[in-house]
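Visitor: Full structure from sequences and hints, please.
Protein chains: 2
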Amino acid sequence: MRYELYYWPSIQGRGEFVRLALEDAGADYGDVARRPNGTAAMQRFLQKQAFAPPFLRAGKLVVAQTANILLYLGARLGLAPKSEPERLRLHGLQLTISDWLVEVHDTHHPVAASLYYEDQRTEAKVRAGIFLTSRLPKFLRYFERAADDRFSYVHLSLFQMIEGLRYAFPKAMARQEQRCPRLLKIHDRVAKRARLAKYLSSPRRIAFNQQGLFRRYPELDEKG
Amino acid sequence: MRYELYYWPSIQGRGEFVRLALEDAGADYGDVARRPNGTAAMQRFLQKQAFAPPFLRAGKLVVAQTANILLYLGARLGLAPKSEPERLRLHGLQLTISDWLVEVHDTHHPVAASLYYEDQRTEAKVRAGIFLTSRLPKFLRYFERAADDRFSYVHLSLFQMIEGLRYAFPKAMARQEQRCPRLLKIHDRVAKRARLAKYLSSPRRIAFNQQGLFRRYPELDEKG
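Sequence order for the protein chains is A and B.
Taken in order, the first sequence gives residues 0 to 223; the numbers are from numbering that gives the first Met the number 0.
Taken in order, the second sequence gives residues 0 to 223; the numbers are from numbering that gives the first Met the number 0.
Derived from the structure by calculation, the hints contain no laboratory data.
Some hints could be false.
Because identical chains cannot be distinguished in the list, a pair is counted as satisfied if it fits within a single copy or across any two copies.
Computed list of lysine-lysine pairs in BS3-like fashion (alpha-carbon distance at most 30 Å, straight line) [what the hints assert, rightly or not]:
hint, residue 1, residue 2
1, K137, K59
2, K81, K59
3, K47, K137
4, K170, K47
5, K184, K47
6, K47, K81
7, K197, K81
8, K222, K184
9, K81, K191
10, K81, K124
11, K222, K137
Guide: Here it is as structure tokens:
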């Protein structure tokens with residue numbers, strides 16, 4: 000099966016969680032919006048069939064929403080067990096990662112995504128403070144306990160969360176991740192997976208940057 | 000099958016989307032946290048197995064996250080077609096409803112859910128303004144086009160969104176919903192479903208209130 004991923008071409012964003020799954024599985028896929036005129040192709044599609052990127056086409060099928068795409072791909076690409084209880088459990092974890100990601104985004108854009116960061120710096124500082132002292136420890140603690148050792152697409156997503164959080168909040172993470180030996184082990188094992196390691200060092204891996212979900216504003220991090 | 004729903008006992012919140020499905024299907028279920036000492040039972044569970052309510056127990060199975068619960072129940076309660084493409088499509092719609100709901104919540108708590116509304120009124124006004132002029136029309140337009148006539152749990156959730164939005168933003172909705180004849184038809188048909196109508200007029204239906212996701216702050220609505 001050939002897959003076509005539709006996502007913004009210049010950020011990792013939510014699409015990266017899908018890219019990691021496709022790359023780790025060695026799937027045959029295209030990253031549509033990164034081709035010439037690809038963003039226009041994606042926009043035409045958006046007006047007709049999906050609320051927001053990412054979405055995935057597989058033949059006639061269109062799958063919208065990151066976690067839904069991973070639910071679909073997990074079964075097909077060998078990235079999830081086939082039993083229904085396990086699939087539901089992993090999907091519940093992935094949806095909790097989606098919630099976590101929204102909270103990361105909101106640290107730099109609490110008032111509105113459509114306004115500039117510079118126009119909501121004061122509120123961002125309040126929100127980031129609450130995130131780092133209360134929410135981040137809670138999410139880390141939850142996944143440290145809930146993640147299991149068996150590889151799945153959830154491991155790929157936890158890897159991405161840790162990478163992103165280290166980019167955005169290097170000081171807070173250096174301190175807080177020490178309490179999460181299991182998550183760190185998952186992260187390190189993912190980084191060493193052959194196809195994934197190759198992807199991460201390829202030009203296909205977009206670097207973290209200040210347009211994505213994870214952004215580095217030193218004033219929002221813990222004091223060092 | 001007997002189902003046990005775990006959700007906060009005094010608000011509709013996210014749990015209501017699950018209650019509507021269980022009630023419409025006439026399922027055998029308990030609303031655990033509404034029993035004496037039920038919230039304590041839920042809290043014990045939370046510390047062990049789930050990040051946040053709602054979650055659903057079905058025998059040994061625990062399903063977390065609203066949309067995941069509806070994905071699971073949809074197939075079992077006759078609230079969704081059985082074909083995989085249809086199930087993925089409906090789940091994508093439900094996840095987009097989840098995103099919509101977060102944006103509704105953020106109109107009154109943009110800076111942080113853990114702070115009082117009174118301490119973020121200025122920001123709430125900015126955020127609610129953007130929501131009503133830009134995001135609400137976009138979500139309504141999307142679902143007006145994407146929803147189909149075939150009944151499913153997504154119809155129940157769209158009913159709840161319209162009810163909640165009418166409660167929170169009566170003036171804006173009175174104007175904007177006129178552009179959505181299809182959504183209104185779905186809403187009205189849901190309200191007339193026999194078991195659901197009975198539920199809605201029963202004491203089991205918690206009234207909208209100022210602790211829930213949908214809150215009525217007149218200053219956040221459109222001017223009349």
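Visitor: Please list, smallest to largest, the hint numbers that this structure does not respect.
Guide: 10
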